[in-house]
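Student: Protein chains in written order, with UniProt numbering: chain E, 1 to 370; chain U, 1 to 370; chain C, 1 to 370.
It is possible that some hints are incorrect.
Identical chains blur together in the list; that is why a pair holds if it fits in one copy or across any two.
[To be verified] Capping the alpha-carbon separation at 30 Å, the derived lysine-lysine pairs in DSS-like fashion look like this:
#: 1; residue 1: Lys-295; residue 2: Lys-94
#: 2; residue 1: Lys-179; residue 2: Lys-237
#: 3; residue 1: Lys-179; residue 2: Lys-192
Treat the hints as calculated values from the structure; they're not laboratory data.
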Amino acid sequence: MSWMDGVPLWDHHCHALIGPSLAGDMEVFAYALTEAPRSYPLSDIQETVTYWQALAVAAKELGCEIDDQGVAEALRQRDFGAYSRSLFQQAGYKRLLIDTGFTPQGGWALPELETVLGVPILKILRLETTAQELLYQFADVRDWILAVKDRVKNARSQGYVGMKSIVAYRSGLEVYPVKTIDAQAAFAEMQKQGQTRLTDPRLLNYLLWEVTPVFISEALPLQFHTGHGDPDTNLYKGNPLLLREFLETFIPQGLQVTLLHTYPYHREAGYLASVYPRVYFDVSLALPLAASGAKRIVAEALELAPASRLLFASDSHTRPESFYLAATLWKQGLEAYCDHITQDHYILPQVAERWVNLIAWENCRRVYQL
Amino acid sequence: MSWMDGVPLWDHHCHALIGPSLAGDMEVFAYALTEAPRSYPLSDIQETVTYWQALAVAAKELGCEIDDQGVAEALRQRDFGAYSRSLFQQAGYKRLLIDTGFTPQGGWALPELETVLGVPILKILRLETTAQELLYQFADVRDWILAVKDRVKNARSQGYVGMKSIVAYRSGLEVYPVKTIDAQAAFAEMQKQGQTRLTDPRLLNYLLWEVTPVFISEALPLQFHTGHGDPDTNLYKGNPLLLREFLETFIPQGLQVTLLHTYPYHREAGYLASVYPRVYFDVSLALPLAASGAKRIVAEALELAPASRLLFASDSHTRPESFYLAATLWKQGLEAYCDHITQDHYILPQVAERWVNLIAWENCRRVYQL
Amino acid sequence: MSWMDGVPLWDHHCHALIGPSLAGDMEVFAYALTEAPRSYPLSDIQETVTYWQALAVAAKELGCEIDDQGVAEALRQRDFGAYSRSLFQQAGYKRLLIDTGFTPQGGWALPELETVLGVPILKILRLETTAQELLYQFADVRDWILAVKDRVKNARSQGYVGMKSIVAYRSGLEVYPVKTIDAQAAFAEMQKQGQTRLTDPRLLNYLLWEVTPVFISEALPLQFHTGHGDPDTNLYKGNPLLLREFLETFIPQGLQVTLLHTYPYHREAGYLASVYPRVYFDVSLALPLAASGAKRIVAEALELAPASRLLFASDSHTRPESFYLAATLWKQGLEAYCDHITQDHYILPQVAERWVNLIAWENCRRVYQL
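Just chain E, same shape as in the assembly (with noise of 0.2 Å):
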């Protein structure tokens, strides 16, 4: 049986695509699948399952052999925008939340990808990059907050479905309540030495908990990074364990808080789904990077967590491959799980189908009231 045949994908997590000036481009092509930066060897991402998996997925399209040199050459022969647009199509893609806080260049404008793809997009917005471009508008943190809470409160009204915390990159998940006359401290300190960098863990902590509160009350998601990044983020700091102190305050007010990547703390990040009221998350970025390992991380991922808490995202960005990848592996995983539910659980068809709806798209759809 196919459980996931016509159902549709919303993407809650993901960013935009280069547009066709970089289509021929191996280069490209190799670190949109990674999250190593360029000081990474090539010749290492060209040992993956991912790399070779998406090579098959260009391939395929484009009717040429499994090989760099061979797609490089037909992707330049056609429109990228036709074929980006197949692929998208193909894996079932009716929606894109898209985090504006990367963008890969020489890439479409949101609107015009939305056009080139026939796929809607919503927006997140990043938090601390906000706040950080409106630092030095101010001499007091609380005007700077007060900037910041009036960005968030005009957020829906400017595209934007959710916010999203990059403090994992930060200073890490163990956020805590610092007191206005630090953050003041760490304010000043920080326009005196002139950074334009927000990266002192008492200002991030301070925006964080001042602002948390706008989240609620506008009823924006808030995103946290949690789990694989790229190595700008401490991976031992990014486990979402260590945001109890922030759920255990905030999740009783009513925020709704999706846990990104999650990987390799999936299990964790299940058991948090499971404990808390309004707490979701996905495994983004693992699917696609962890290709391989779709069926059992999938299936780790829902062995605590309700199907009402994960949600399908790709975290892809720059290249088509990745997105269909993506699709290809989450829907791999959820096949494989259904069957072993069905067959070793006694769960009812009827039942195994409403829960990959509602990982597909129905979680994604409510979470973010679309």
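Using the hints, position chains U and C against chain E.
Tutor: Relative to chain E, chains U and C alone:
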């Protein structure tokens, strides 16, 4: 081949059942299948494998459809004692070690429960709650400790066959020795503030460190809550590896330790069991709550650990379906494990047979001297 | 299809064997198949898959029953050198990189062992034990460091092809830079107390941070003990993610790092290998000791990591059966992995073939420049 056919189950960690008055209450049914509190949405519990598999267990026994209203109705028409007894007997339960620290409301008293189920019951005594009850009877922390020690010395005569520590719920598993002078200060402080719940880390650690020698002299095994539990526990501090200093101190003196639950740290628990004498563990609570992962979780637990160190347990409470489900999942896991090791690892069938008996009941008999 | 047929194995982390005098000692046999010390019950080791699978290896080679007494008797009647050689040859071992920091009692000297097994042997030098030997020859910590650096510079000429750090066994993997003045204080303190074992965190960290530039200039790869080991290591502090500051500092300078063992942190190690240049790892020790989990552990290690970053290793010592078993388990894991990725992930057979060769021996040749 069916490795578990006719193998009795001794459950070394579980709780009591509700009585007939709540038999058809499907909210009680649902919340017995999660670690989430009542503030967690019922609708999310109803999107888990555990919930539906428990419904299937009930429906099969009751001869009705797998559907909550159908099950509720059938339950109200059935003798709940006979129903419970039937599930326990079919599952193969032959002995229960009940942690009396948590008892569902409206439940049978233990002597009555023993008769209802036709299964002998033994008891486990919680250290911290026992100590808490004695807090205000003494002015000196040393007198308090002496009184707790007396309780422990009398435990066997009152039907207790082991102790349980919930320090993971209070201050975490990184247990350390505390000076009497510091413990006395904490003791005085606590009494001054009129606290009735024992939460001060100094007191919790002092208590555990001081009383453990009596567990050894009384030959009482010490259970630790570790890993997965309700959100009152900080799962980040529930990693059994944090017990290192405690184990290094008391294991050489003869202490027997059983690490409860352990998920998602069951590989870590298996490691501890593989290098320390007298360290045992289980994957209760995950089985039944991480139902769809049963085979993988049992297999992971047995990667490093000898079969002589893993114990069957359910951590079930409230509902008989939970007990039945836990038993089914353990059996499913152990069946798959035995197939795997006899087919791929040249393990002799008679050895695999001995191992399932060890895990199912013989380890329990030996550890608790039954 | 058999992916590993005829593929040679180069073991980049293992130890020496016992000699014929202990060949039939079944206690030595058992304790060679665990990380537990002699205080751990023999009877528990005898309830592990590893123990029984090693017995089956011996019994097959000896033509006797799978039974410890039968094996012991047959071993005493067999030429132990020829027996060992046969197992190494059948397993496909073609080169051994032996860590000389641990050597079983009554073992062959390495030149002799090379002849007995018919396998070329190269050596790995332990940093901390080398440095420890030099501790009392100097009054100034800088002179001590200079002497250690000299030893490292002479390492290649003495047959060493890499270095190993056991800092995880002493103060943990959260390695940090230490000021010379603080190191000098610790150095004086240690000498005053007459300690011969290097355990002071300041000295251990200073040593590693000061000497690493010489590993780079000498192009000597640095192995780290991480993860699973005997209970002298604190597994909680053995998470390779803790090496972050060290990796961020020295990897850009050209250091090559191999993370040994890694279990249960092999997914974390795979992550590090996927984002940092020149970071390699293995799942030795888990294979052979977590025998029944071989397929899953290899598959998990290869979720994120390129095939160019995982190395075959056994961490075996003392007994030839342990080496044979490790080889069998790695092959079993890699066979299953290749079946999976070629069937479910469109990986070309020739790519999968290249990958098993990389993991089995080519990565080792390249990293250690053999």
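Student: Hint by hint, say whether it matches the structure.
Tutor: Okay, the hints, checked on the actual structure:
Proximity of Lys-295 to Lys-94 under the C-alpha cut-off of 30 Å is restricted to the intra-copy arrangement: shortest distance 23 Å within a copy versus 35 Å between copies. Taking the shortest Cα distances, Lys-179 and Lys-237 sit within 30 Å of each other both inside one copy (23 Å) and across copies (26 Å). Taking the closest pair of Cα atoms, Lys-179 and Lys-192 come within 30 Å of each other both inside a single copy (20 Å) and across two copies (29 Å).
Violation of the numbered hints given earlier is absent; every hint is satisfied by the structure.
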